[in-house]
Amino acid sequence: MDEFLYRAEGTLFPQASRSHLEFRLFLEKDHRALEIHFAYEPKLLEDPGTIAVLAAEGRQRFGLAEAPDPPFLQNLLTLSFDDAAGFRGAAHRHPPDQTLTLGDESSPGLSPGPVPRGIFRITLSVHAVITVACTYRLTVRSLGENP
Amino acid sequence: MSRPLKWVPSELHSHTVHSDGAMAPGTLADEAHQAGFGALALTDHNTATGRPGLTAEATGRGLVSIPGLELTTFFGHVLVWGAEPSVDWRTLGPSDLGPALAALGHRHRLAIGAAHPFRGGNPFCTGCYWEYDLPFDDLDCLEVWSGVDPDLLVDNHRAFALWDQLLDQGVRITATAGRDWHRPDPVPGLRSTTFLGVDGPDPADFVQALRRGRAVPSLGPLPHLRRGDAGIGDRWDAGSDASLAFGVRNSGWGLGLGSVDSPRVIVVSNLGILTTRPLGSDGGDFEVPAPEGLRWVRVEVRGLVEGRERLVAFTNPVYGAGG
Numbered sequence: 003m004d005e006f007l008y009r010a011e012g013t014l015f016p017q018a019s020r021s022h023l024e025f026r027l028f029l030e031k032d033h034r035a036l037e038i039h040f041a042y043e044p045k046l047l048e049d050p051g052t053i054a055v056l057a058a059e060g061r062q063r064f065g066l067a068e069a070p071d072p073p074f075l076q077n078l079l080t081l082s083f084d085d086a087a088g089f090r091g092a093a094h095r096h097p098p099d100q101t102l103t104l105g106d107e108s109s110p111g112l113s114p115g116p117v118p119r120g121i122f123r124i125t126l127s128v129h130a131v132i133t134v135a136c137t138y139r140l141t142v143r144s145l146g147e148n149p
Numbered sequence: 147m148s149r150p151l152k153w154v155p156s157e158l159h160s161h162t163v164h165s166d167g168a169m170a171p172g173t174l175a176d177e178a179h180q181a182g183f184g185a186l187a188l189t190d191h192n193t194a195t196g197r198p199g200l201t202a203e204a205t206g207r208g209l210v211s212i213p214g215l216e217l218t219t220f221f222g223h224v225l226v227w228g229a230e231p232s233v234d235w236r237t238l239g240p241s242d243l244g245p246a247l248a249a250l251g252h253r254h255r256l257a258i259g260a261a262h263p264f265r266g267g268n269p270f271c272t273g274c275y276w277e278y279d280l281p282f283d284d285l286d287c288l289e290v291w292s293g294v295d296p297d298l299l300v301d302n303h304r305a306f307a308l309w310d311q312l313l314d315q316g317v318r319i320t321a322t323a324g325r326d327w328h329r330p331d332p333v334p335g336l337r338s339t340t341f342l343g344v345d346g347p348d349p350a351d352f353v354q355a356l357r358r359g360r361a362v363p364s365l366g367p368l369p370h371l372r373r374g375d376a377g378i379g380d381r382w383d384a385g386s387d388a389s390l391a392f393g394v395r396n397s398g399w400g401l402g403l404g405s406v407d408s409p410r411v412i413v414v415s416n417l418g419i420l421t422t423r424p425l426g427s428d429g430g431d432f433e434v435p436a437p438e439g440l441r442w443v444r445v446e447v448r449g450l451v452e453g454r455e456r457l458v459a460f461t462n463p464v465y466g467a468g469g
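So the protein lines, in turn, are chains A and B. According to the numbering used here, the first sequence is numbered sequentially starting from 3. According to the numbering used here, the second sequence is numbered sequentially starting from 147.
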């Protein structure tokens with residue numbers, strides 16, 4: 003039996019910033035809980051030369067005063083979920099490797115309760131990709147089906 | 147004469163581990179209680195799952211828990227107080243926020259504001275810069291003070307200048323402070339708050355105070371202002387000939403006037419500065435005639451704090467009948 007209900011990976015580029023990717027999967031059964039693993043890399047941009055260019059562009063775009071460049075800049079991708087009954091919450095946080103649970107003991111940011119049969123929607127929100135490219139991996143597995 | 151309001155130091159912008167904050171709801175409630183806040187809005191990014199825990203922890207410490215959420219979009223961060231808004235932030239483009247807010251069935255029970263409108267966006271703070279093209283009349287609030295020690299930040303000076311411009315255009319929008327609280331305070335120091343003038347203890351009373359402009363952002367001192375029956379956030383009656391009564395008190399919260407060098411109270415209006423008066427360490431009360439052509443008027447407290455000239459507190463305006 004396949005361990006995963008769903009598995010995807012891909013590459014995002016800076017042009018994908020400020021967009022959403024949506025994954026719609028059909029759950030054939032009710033699930034007591036789902037575990038979603040999400041990882042992306044790189045998280046940080048630490049090259050001082052590239053930071054200097056991006057920070058200068060940013061300061062100009064937003065009319066900001068001259069300031070020392072930040073020591074790093076970062077990509078930010080977040081997930082949110084909708085099941086067949088509605089919105090199940092968002093995991094708006096920075097760690098680039100997250101294991102989230104959606105069930106009676108949901109992870110913070112996600113509402114508790116089982117996940118019903120039907121279309122389960124995962125939205126990957128690309129807040130910012132500032133590195134040359136950013137790869138992501140996404141898997142979903144069941145922690146138990148409900149009869 | 148309306149019944150006197152109670153001015154409660156409130157934190158309007160905070161986060162927990164339910165989004166990208168470092169604190170559990172209980173820790174945030176504890177920190178807020180220790181800091182002396184009387185009300186706290188948890189405004190996690192795009193989720194309200196922290197609210198039940200926060201409310202239980204806050205109520206146990208005598209804090210009012212104001213429902214809240216920060217719609218954290220690509221084109222601006224939108225603070226919503228009062229209830230979870232039925233707006234799907236993932237569908238919003240720069241022109242879509244106005245129609246989405248107008249379609250809310252419970253709009254009158256919400257206060258909605260632009261958070262830190264001039265904080266740099268990508269690549270510094272994703273979506274933080276305000277890019278929505280809706281008229282500011284569609285909002286209730288503008289976070290002109292962001293951060294713990296807000297008068298140090300140029301972003302906030304720009305937000306404050308925008309607020310002045312909007313007031314002169316006849317837009318009524320409530321200026322607020324929010325520390326955008328993500329982690330425990332490393333050291334005690336200057337702390338911003340928004341005093342909200344409430345006539346009841348319910349979270350809904352705090353939301354209505356925001357909608358009505360009964361708000362005083364401050365580092366501690368509590369300025370007041372009236373024209374006749376009209377207090378902060380109110381409109382005075384057409385043809386009112388009452389003078390402006392104003393002053394400042396120590397609130398017992400945060401910075402006291404005794405810690406401000408050369409404290410003074412300034413009456414600012416659409417006609418410019420009307421008067422400046424020095425303050426004692428206990429504050430003071432004053433009265434000046436209201437000039438012709440007055441459309442809005444507010445009180446500011448300024449002085450030297452930790453060696454730097456600062457805006458220490460300011461009221462939202464009292465508005466003219468047509469202002």
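Since the hints were derived computationally from the structure, they do not count as laboratory data. Please read these numbers as outputs of a predicted model, since none were measured by experiment. Idealized CB from N, CA, C, for every residue including glycine. Just to be clear, a hint being listed does not mean it is correct.
[Unchecked claim] Restraint-style ranges between C-beta atoms, simulated for each label pair:
(1) A/Thr101 x B/Asp234: 23 to 33 Å
(2) A/Gly88 x B/Pro435: 20 to 30 Å
(3) A/Pro73 x B/Asp234: 27 to 37 Å
(4) A/Arg119 x B/Ser232: 19 to 29 Å
(5) B/Pro245 x A/Leu23: 20 to 30 Å
(6) B/Gly239 x A/Glu11: 19 to 29 Å
(7) A/Glu68 x B/Pro330: 57 to 67 Å
(8) A/Glu5 x B/Asp348: 42 to 52 Å
(9) A/Ala54 x B/Ile419: 15 to 25 Å
(10) A/Leu23 x B/Arg253: 44 to 54 Å
Checklist entry - What are the numbers of the hints the structure violates, in ascending order? => result As far as the earlier hints go, 2, 7, 9, 10 are violated by this structure, in ascending order.
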